[in-house]
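As they're listed, the protein sequences go chains A and B. Its first residue numbered 96, the first sequence is counted upward by one per residue in the working numbering. Its first residue numbered 6, the second sequence is counted upward by one per residue in the working numbering.
Careful, some of the hints might be misleading.
Examples of chain A residues toward chain B, derived with CB under 7 Å [claimed, not checked]:
(1) Asn177
(2) Ile195
(3) Gln202
(4) Leu207
These aren't lab readings, by the way, just hints derived from the structure by calculation. Note that this is a predicted model, so its numbers are computed, not measured. Just so it is clear, CB atoms sit at the ideal spot from N, CA and C, and this is done for glycine as well.
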Amino acid sequence: MPIEVLLVEDSPGDVRLTQEAFRDANKAIHLHVAADGVEAMAFLRREGIHAQAPRPELILLDLNLPKMDGREVLAHIKEDSNLKTIPTVILTTSEAEVDIVKSYQLQANCYLTKPVQLDAFEALVKSINDFWLTKVKLPQQRQNG
Amino acid sequence: MNGIEVRDGHPQVLLVEDDPGDVRLTQEAFHQANPSVQLHVASDGVEAMAYLRQQAVQGTALRPDLILLDLNLPKMDGRQVLASIKEDAGLKTIPTIILTTSEAEADIAKGYLLQANCYLCKPVQLDAFEILIKSVSDLWLSNAKLSQKRLVE
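Bound conformation, chain A alone (with noise of 0.2 Å):
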C-alpha cells in the first residue's frame, strides 16, 4: 500500500532533498509536490488538472509560498470538514516564536523547522518518516461517494 504525503514547497532544491530523503527513508511513500498555496488547495479538493489526486495521509507545509501562504493554506484546510482530519506538519526555515504561536492556534499538528545541514535534514525526515508515517494511528482514508 503506497503511502500519499503531500508536500508543499516552493523551493526545488528543497523538493529535491525531500525526496532523496524520504525515498532513502521508506520506499512506500508517494510524495506529491505543490509548488504554492493555489496548487496545493486544488490538489486537495480535486479541482482541475488534480481530479484524480488521491487523498494525502499526511501534508508537509512550508509557511512562506507564492501566490497563498503556508498560514492561509493551513486556514483552509482546518476550516474544510473533509481536509481536517489531515494531520499537517508546518516544515519551515522559521524558528519565529510568533509563527510557531501562530501556526498551532491555526491547528497545525506540528511544527519543524528545516535544518541547514544535510545531514540534519535526512535525519528529520527519517523522525517524520517513524513517527507519522510508523506509529502514529491516521484517520482511514475517506472517499466521499
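Once you've looked at the hints, dock chain B against the given chain A.
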C-alpha cells in the same frame, strides 16, 4: 525569559491516565528516553483540566509543553478534556497527543476532528511501548518547535 530557560532544561509533560500500571510504565520509559522530562500525572479528566487552568492562570513554568491524554477516564473522559483544551485560547497551542488502547476507527476520526495533534495506540508489548515513548520524546521534545510558556500578547 525565565520560563523559556526552564522549558529548555526540563520539558514539562502532563500525562492524563487513570491506570497506575500505565503511569508507572510511562514514567520509566520517559526516564530512559529523556531523564530531563518532568512528568506530571492527572488521573482523571477533572484533575487534568484543574491542573492546566491553574498553570495557565499563574503563568507558571510548569505549564505543560506536551499533553499525553488517555481517552477512557473517570469523571470527565478524554474526548471532553481534548475539546476543553482546544476551545481554550490559552491552552489550545499545547500539543495534545491521544495515547490509548483503542484502535477503533471512530475514536481515531473523532480524535482528529477534536484537533488532537496526533493519535497513538499503546502497544501491549513492553519493549514496543518503550520504543513508542522514545519516539514521542525524540519528535516532540527534541525536533518539534513548541509554543513558549507565556501567553500570546
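Task: When the least beta-carbon distance from leucine 207/A to chain B is tested against 7 Å, hint result - done: holds, 6 Å
Task: glutamine 202/A as an interface hint toward chain B, with CB separation required under 7 Å - done: holds, 5 Å
Task: Hint validity - asparagine 177/A Cβ closer than 7 Å to any chain B Cβ - done: Violated, because the Cβ-Cβ distance from asparagine 177/A to chain B comes to roughly 11 Å (cut-off 7 Å).
Open item on the list: Less than 7 Å between beta-carbons is the criterion; does isoleucine 195/A satisfy it with respect to chain B?
Closed with: holds, 5 Å
Consistency note: the structure conflicts with earlier hint 1 alone.
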